[in-house]
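Now for the letters of each chain:
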Amino acid sequence: MFEFELPDVGEGVAEGEIVAWHVAPGDGVEEDQVLAEVETDKAVVDLPSPVAGTVRELLAEEGEVVPVGNVVVTIDAAGDEPDPEEVDVDAGVDGADEEPTESAGESDDESATAGGRVFAPPNVRRLARELGVDLAAVDGSGPGGRVTEGDVRAAADQGAGEERTAEPKTESVEAGDGEQASAEAATTAAEAGGDGQGASTARASDRDRTLTAPATRKLAREEGVDIDEVPTEKTRDGEAFVEPEDVRAYVEARETVATGATAETPATAGDAEPATADTATTEAVTTEPYRGIRRTIGQQMEESAFTAPHACHHDTAVVDDLVAARADLKERAAERDVRLTYVPFVMKAIVAGLKEYPVLNTELDEEGEEILYKHYYNIGLAVATDAGLMVPVVEDVDGKGLLDLAAEANDIAQRARSRDLELAEMKGGTFTITNFGAIGGEYATPIINYPETAILGLGAIEERPVAEDGEVFAAQTLPLSLSIDHRVIDGAEAAGFVNTVIEYLENPTLLLLE
Amino acid sequence: MVVGDVTTGTEVLVIGGGPGGYVAAIRAAQLDLEVTLVEKDAYGGTCLNHGCIPSKALISATDVGHRAGEAEHMGVHADPAMDLQGMVGWKDRIVRRLTAGVEKLCENAGVTLIEGRAEFAGESSVRVVHGGEGEGAESVEFEHAVIATGSRPIEIPGFEYDNEYVLSSRDALALESVPDSMVVVGAGYIGMELATVFAKLGCDVTVLEQLADALPTYEDDVSEVVRERAADLGVEFHFGETAQGYEESGQVITVTSEGEDGGVTEFGAEKCLVAVGRAPVTDTLTVEAAGLETDDRGFLVTDDRAETNLRGVFAVGDVAGEPMLAHKAFREGEVAAEVIAGEPAALDYQSIPAAVFTDPEIGTVGMTATDAEAAGFDPVVGQMPLRASGRAMTVDDTDGFVRVVADGDAGFLLGGQVVGPEASELVAELALAIEMGATLEDVASTVHVHPTLSEVVHEAVKGAAGHSIHY
Chain A
951 MFEFELPDVG EGVAEGEIVA WHVAPGDGVE EDQVLAEVET DKAVVDLPSP
1001 VAGTVRELLA EEGEVVPVGN VVVTIDAAGD EPDPEEVDVD AGVDGADEEP
1051 TESAGESDDE SATAGGRVFA PPNVRRLARE LGVDLAAVDG SGPGGRVTEG
1101 DVRAAADQGA GEERTAEPKT ESVEAGDGEQ ASAEAATTAA EAGGDGQGAS
1151 TARASDRDRT LTAPATRKLA REEGVDIDEV PTEKTRDGEA FVEPEDVRAY
1201 VEARETVATG ATAETPATAG DAEPATADTA TTEAVTTEPY RGIRRTIGQQ
1251 MEESAFTAPH ACHHDTAVVD DLVAARADLK ERAAERDVRL TYVPFVMKAI
1301 VAGLKEYPVL NTELDEEGEE ILYKHYYNIG LAVATDAGLM VPVVEDVDGK
1351 GLLDLAAEAN DIAQRARSRD LELAEMKGGT FTITNFGAIG GEYATPIINY
1401 PETAILGLGA IEERPVAEDG EVFAAQTLPL SLSIDHRVID GAEAAGFVNT
1451 VIEYLENPTL LLLE
Chain B
3 MVVGDVTTGT EVLVIGGGPG GYVAAIRAAQ LDLEVTLVEK DAYGGTCLNH
53 GCIPSKALIS ATDVGHRAGE AEHMGVHADP AMDLQGMVGW KDRIVRRLTA
103 GVEKLCENAG VTLIEGRAEF AGESSVRVVH GGEGEGAESV EFEHAVIATG
153 SRPIEIPGFE YDNEYVLSSR DALALESVPD SMVVVGAGYI GMELATVFAK
203 LGCDVTVLEQ LADALPTYED DVSEVVRERA ADLGVEFHFG ETAQGYEESG
253 QVITVTSEGE DGGVTEFGAE KCLVAVGRAP VTDTLTVEAA GLETDDRGFL
303 VTDDRAETNL RGVFAVGDVA GEPMLAHKAF REGEVAAEVI AGEPAALDYQ
353 SIPAAVFTDP EIGTVGMTAT DAEAAGFDPV VGQMPLRASG RAMTVDDTDG
403 FVRVVADGDA GFLLGGQVVG PEASELVAEL ALAIEMGATL EDVASTVHVH
453 PTLSEVVHEA VKGAAGHSIH Y
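In the order they appear, the protein sequences are chains A and B.
Quick note on numbering: the first sequence equals residues 951 to 1464 in the numbering used here.
Quick note on numbering: the second sequence equals residues 3 to 473 in the numbering used here.
Hints in this document: simulated from the structure, not taken from any laboratory.
Please read all numbers here as calculations on a predicted model, not as lab measurements.
Just so you know, not all the hints are guaranteed correct.
To be verified - Straight-line distance between alpha carbons at most 20 Å, and here's what the computed EDC-like set of lysine to aspartate or glutamate pairs gives:
no.: 1; chain 1: A; residue 1: 1184; chain 2: B; residue 2: 173
no.: 2; chain 1: B; residue 1: 93; chain 2: B; residue 2: 178
no.: 3; chain 1: B; residue 1: 58; chain 2: B; residue 2: 173
no.: 4; chain 1: A; residue 1: 1324; chain 2: A; residue 2: 1173
no.: 5; chain 1: A; residue 1: 1324; chain 2: A; residue 2: 1346
no.: 6; chain 1: A; residue 1: 1184; chain 2: B; residue 2: 443
Unchecked claim - Which stretches of chain A does chain B cover? Using the computed rule of at least three CB atoms under 8 Å from a CB of chain B, they are:
no.: 7; segment: 1073-1083
no.: 8; segment: 1093-1103
What the hints assert, rightly or not - Here are a few chain A residues that face chain B, going by a calculated C-beta distance under 10 Å:
no.: 9; residue: 971
no.: 10; residue: 973
no.: 11; residue: 1070
Glycine included, every Cβ here is placed at the ideal spot set by N, Cα and C.
So here's chain B without its partners, still in its complex pose (with noise of 0.2 Å):
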């Protein structure tokens, strides 16, 4: 211990106040356990500050200023000025209203709240530094740790985030300008909602990308549907690109990138975004003093409980692994809280479901057909385009579809890709069916609402259970 240091003792440390540790901390009052939370930025994590929220907020205010600006054909003139300030602004505002509403949850459920960055100093102690010369440090003993440090943009050799030239994702949030031209390093589903978002506040975007699709982790006829939509926006794709550098020449700079033939081309652009994928962040907490595991990514291991190798010490959201969502690490802060309280929880859940807010939107859950099979089943799938929804052509946006994959035996469904406007919510009802055990015939005998989206669902399910009506 260092001299002046303040020794206190908790029985649930909570490192990182994101949405894995906050939730894990209110959890853990809930029931009952002493819980002090350090947290070393600001409260409400990347999801908050930098990463869901903000890029909602773009998303959904730049598509506002697209559809106005696109819509003679439904009677409505408009020609809409979009202030990137005033969005942005906006959005400041929405994400102090969420950030102060978590600290008070917190505070609220009688979590002691410490700001500073936690390190540990053994296997039942943290120092805690706080942020800024002389404010020194202290010690925490805990009886039990939940890790919740999160993650951060992965940053590539010849591309260092500089918030000037290359941008990091959190950079790209907080332009007060929109750049003239952008080239956009990554399509996974970070590069491909931002470069929508751009190209909506009319940026001549380009995007690289190593492999040969967007959003390659997608099947291909899901992806196809958004790089379509993204192409008609603007959005230049260049796949089999490996960004190598770029050189910066007045207010511009050249992005040089290697082919798969090993041609190398130049892209010239105001700004390059790069958005290769995220890594944890372990770093700043000296693991190694704890003796805590790694993976070879450098994600905490940890078992069906959230519980690391160290018996006691828990890790959950980014930090622990793949897949790095916030809604993951909501169920895996409330199980460790729960695990140490003693009760039976597990990550025992069927699937975790996941968005990609692009235009149109993602939304997927469980297993394509082809993991089904991989996985032994003898998979049906059903699928219902947009374009036979007659809710879709009312909100005018009917590319993508909906698919639902189930068990051919017993009906069981198992997975859902769904594109199109608000995928992101019609994946919420295949979770619940998949995740409750129910049947093809479950979800087709539950009546929806017409006419909403909802429909193409049910229609999709009904396909697969082999008497679609409308389709």
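Excised from the complex, chain A in its bound form (with noise of 0.2 Å):
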């Protein structure tokens, strides 16, 4: 029998919503099929199946969170028992998979440690290698710094995490704290989803006694949790000693657990009413989980907020000579087939802008002490969805025609909306647009896409008031409202930069010219 593990099937998730079955018990599965979709922090992603065989018992309730590495179906496989080596590789979602590296030359690598030494037991060794962890790289939690196996295996969540956020930059781009925080989620990941019994981890402890650092104790007040409650395996001088990771990974635990519970109430109950949001209820205040999507956003704008200092700049392109040039060119694309919205006349004007200023194609490394700067022009789109905000990028804006420009964010913005992006669309931008306009409205104060470094708000194209010679008149305006992380850029090259988007956006013919 093979015991499906929720795979990590983002970069770093901790847990997915099971959002709907697509088998049975008793359905025969092909390898490949789509046994689940399950929504994540990040999206909805369907969850193949690594094996061929008849499905004997699905193991999660649609809409339970399962924490990763919990066992959600299991399958009676056809033929021989797979090796589970082999499973567990095949166990991701296309293009999550990560395949262990060769690490023959490792002892090569091993002499950033004094000595060329890596303190680690021979098993340990032989895991690291099996997992192609680079022993010197791994911070060893045991005494005196040994590595121990859950530092190697942490270590080998947080490269996988690592490499698949890397994979869309060029080379020159190292991965910036955005990554640090998901590989942390992955940690987490790893001790609560452990061995499968995610449940577990919730099961509280009582101890006397917990070694832990204060600021260890600070989080578990914080989540109100009695930090002798929080499950262990690791000693500190013969005495349980305790990690942040320990005490998210059980709040995450008790909150799944606690979930699970609130499913079965209101059978038991049966005078309760559902608290949920789309049942007519007369209470005052009604809860919904901040969790997924929802909290994987808050948890963004936080960081972006509390990181960057945003300083905003507005002004306002008056585009009559746009609004006519995009009345002429959307019957050309009607015919062929392609929407032609003023998103991408404004991709290729903020092109233009960065290349004049590339200070605001940047990204900000604190920990290198360094400002990386892209040569290329990754343009992300949010896109309010009923899910909430999505960012998918359009690629190499500087190299696609407007016509391609167009069909294309017409298709990830449609797609956003459906919830079939691939995570991977999602990453590797360098700016962002946020077209709060076509809601309506004129200016804004954009939260920057963090690690990027500004992001352009755009308020809706309206005849507005505008004053020249002397006179008043009607003109078409398009209000522009840019944030920029005032660490890395002035406020001067803020305006230079809408400047010269203003120049082209009033003066389309430009285009022509990039």
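From these two lone chains plus the hints, build me the complex, please.
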């Protein structure tokens, strides 16, 4: 029997909600057949079957949030028992597979440690080879910094996360802080999922005494957790030792258990109304879980707002000519089945502006104390969806024509709304556009899509009064709201950039030069 | 292909049935590979037939005799007669049991055994020439090969081994009678072990060593203990001497030697044992036919998976380089087999322990304090003399010490030097500690049995950790 554990379907996701099962017990499944849809922090993904066989049992309800690593379905595999190792490799969603890399030259890399030596027991060294982990790069948590099995496993998960995230970038770009956050999530996932016994993580310990760092105690207090309840196998000087990820894993596992419990409550409680948002209710306050995509958005906003000091620059482009040009081209585009919006024009104008002011196409590597200038133009488009904000990315904007950009932008926006995006399509952006004007309004204060350093908000293109040569007249205008990371970009550069963008938007023939 | 040859195919061809080869063969067979082992001489290689095991047998036998005769102060009065023929017979029975055991293990594991000498006919085939006239030859095509052809004693100019006057270590272990006198050229571990054996048998032993001390690869205070004990047994040492040649006159020979100052000295003896090191055996292989790379000393060049420059061709044991120790060969053989089977094995040990079976023994593992400093550590050292050990006194063997070297910052064990009784056994604990990344505190907090010699290791570790009780 094959036990299918919920794989880390995205980059470092800790848990996933089973949105819908596509199979039922007794169904025959082919390899790669979709078993379920799973919603993670980032997106909804299909879960393909790593084996062919017959579904024995579904171990998670639709709507249940399952920690990564928990068994969600058991399958009686056709033919022989599959090799567990191979299955692990295949278990990921397409593109998430990670073959452990060969590490024959490993000993050469170990020079990082004093004496070229990494202190780790032989079984841990073997595990590191198996998982393709460079021991020299692992921080040991054992006595004196000895590398333990857990350290290697955590590093393997983290490494896999970083590799995937770094993929769309050019080689010169190093992983920024954003990745580390997700890597931590992966660590949590590993801790929570562990041996497919996430639920046991929720089982409270009951110690009299726990060793931990003050910061961890604080975290526990914040999460409302008694530190003596947090399960851990780690010890220091013979006492139980708790680290931040243990606390987080415990909190998550507790949440999972709690969710499972509420799902059953209505049946037993009988009189209680389920407190869901779409049920008419007389209660003054109703709650909705802050989880999944909502929480991911929240965390990203929080990180951006509290990391990058935002400064905003507002200006208005008079776009009568652009409106005319777009009207002209719209029919031509329609002949080619492309709906031409203003977005591709704006994208092109932004690329022109970025080429003149490259500092807006950057990322700040706080740890490395470097500003990374990106010499490619991948523009993210913030799209409002039912599930929340998504930012799919159009790559290499400078190398594509207006029609291509229009087609691509429409496509990813459409798929964002229908939640058909691949995770990879939301990565690797260098600058973001938020088109709140599609809903209405003039100016806003966009939050930067951290770790990018600038974002341009578009108001609605409407007739508005414009003053010129002592007269006021009506013209089509496009209000622009630029937010910058003031650590990296000065106000003058922001203004200069917006001026260039406006110049191109007001004189769309200039776009021919791009 | 020669007409009349039979060609067979195998997944894994192992050349040489010594410690590296037979372990590789058994491990590969355990991992469900089809294995053929070619051995040209005797299963078990040098280790079982002419090295480790025979020498240890004679060392133990002579030690029993010697100690029995030196135990009046313990209240034992004896004058044992030592019969070398009897000892060699006992040793041969041990060797036969062990080599038969190796052959049996290989057969039970499903390894196909072929007797003969393998030589490369190309990158993926060997010709196996059977011993004896008219036995013919056969070709074996392989997917993977493990070369484990071992090493042989180095011969020096002027001293061709003739098994009459000039003996190799192999010859010396098969002598039927004890010579009255013997010149031993080379005070390395083989020379010192055999010098001790023959001294205990009543032979007048003179050791000539080119360098300035016995066991020159060991630290001075380590070799000093062994040299002094050997001198007490009557072994005469001459350092800075380079043996030039010998002349025979009747039943005896005269060995001439040149000192550092150019002066020539003559040493008369019945036999001359030459023990100046060992060289890899690659000449029987026609390695050039396969395109195998060797280093300037003739060892096959391998990576950390025991693989040579040719993909799929591995080399293990002495032929793959220093240290030429059977236990290194065991490990390499296992790793080669596991790598062939696709497992993530590698030669990633932190240290290879080594032992010298002199009187007293030496056991070393990992770094000396000097090594540790050179490697960038800030080492702490703990040392405990055996004369402070109750157990050493009760086994009547109090020369020597245990020294441990650890990283001063985190306390990781880095190395150990043990000289004293059972040093070869005592070093195992330190090897495990080093391999596990154990700290001084880990070992210090481990309870050791009293009264044992292992307490001396314990105490040395506690000394390095700064809280020795008994010293």
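A quick look at each hint next to the structure:
Restraint check for residue 1184 of chain A and residue 173 of chain B: not satisfied, since their Cα atoms lie roughly 58 Å apart, outside the 20 Å limit. For the given pair, residue 93 of chain B sits about 12 Å from residue 178 of chain B by alpha-carbon distance, which is consistent with the 20 Å threshold. Using a Cα cut-off of 20 Å, the hinted pair residue 58 of chain B and residue 173 of chain B holds, with the two alpha carbons roughly 15 Å apart. Taking the CA atoms of residue 1324 of chain A and residue 1173 of chain A, the gap is about 39 Å. The hint is violated against a cut of 20 Å.
Proposed proximity of residue 1324 of chain A and residue 1346 of chain A is supported: the alpha carbons are some 11 Å apart, at most 20 Å. For the given pair, residue 1184 of chain A sits about 18 Å from residue 443 of chain B by alpha-carbon distance, which is consistent with the 20 Å threshold. Here the segment 1073-1083 of chain A counts 4 residues with a CB under 8 Å from a CB of chain B, which clears the bar of 3, and the coverage holds. Counting residues of the segment 1093-1103 of chain A whose CB falls under 8 Å from any CB of chain B gives 5; the rule of at least 3 is met.
Taken as an interface hint, residue 971 of chain A does not check out: its beta carbon lies about 36 Å from the nearest beta carbon of chain B, beyond 10 Å. With a least beta-carbon distance of about 33 Å to chain B, the hint placing residue 973 of chain A at the interface is violated under the 10 Å criterion. Because the smallest distance between the Cβ of residue 1070 of chain A and any Cβ of chain B comes to about 6 Å, under 10 Å, the interface hint for this residue holds.
Of the numbered hints stated above, those contradicted by the structure are hints 1, 4, 9 and 10, listed in ascending order.
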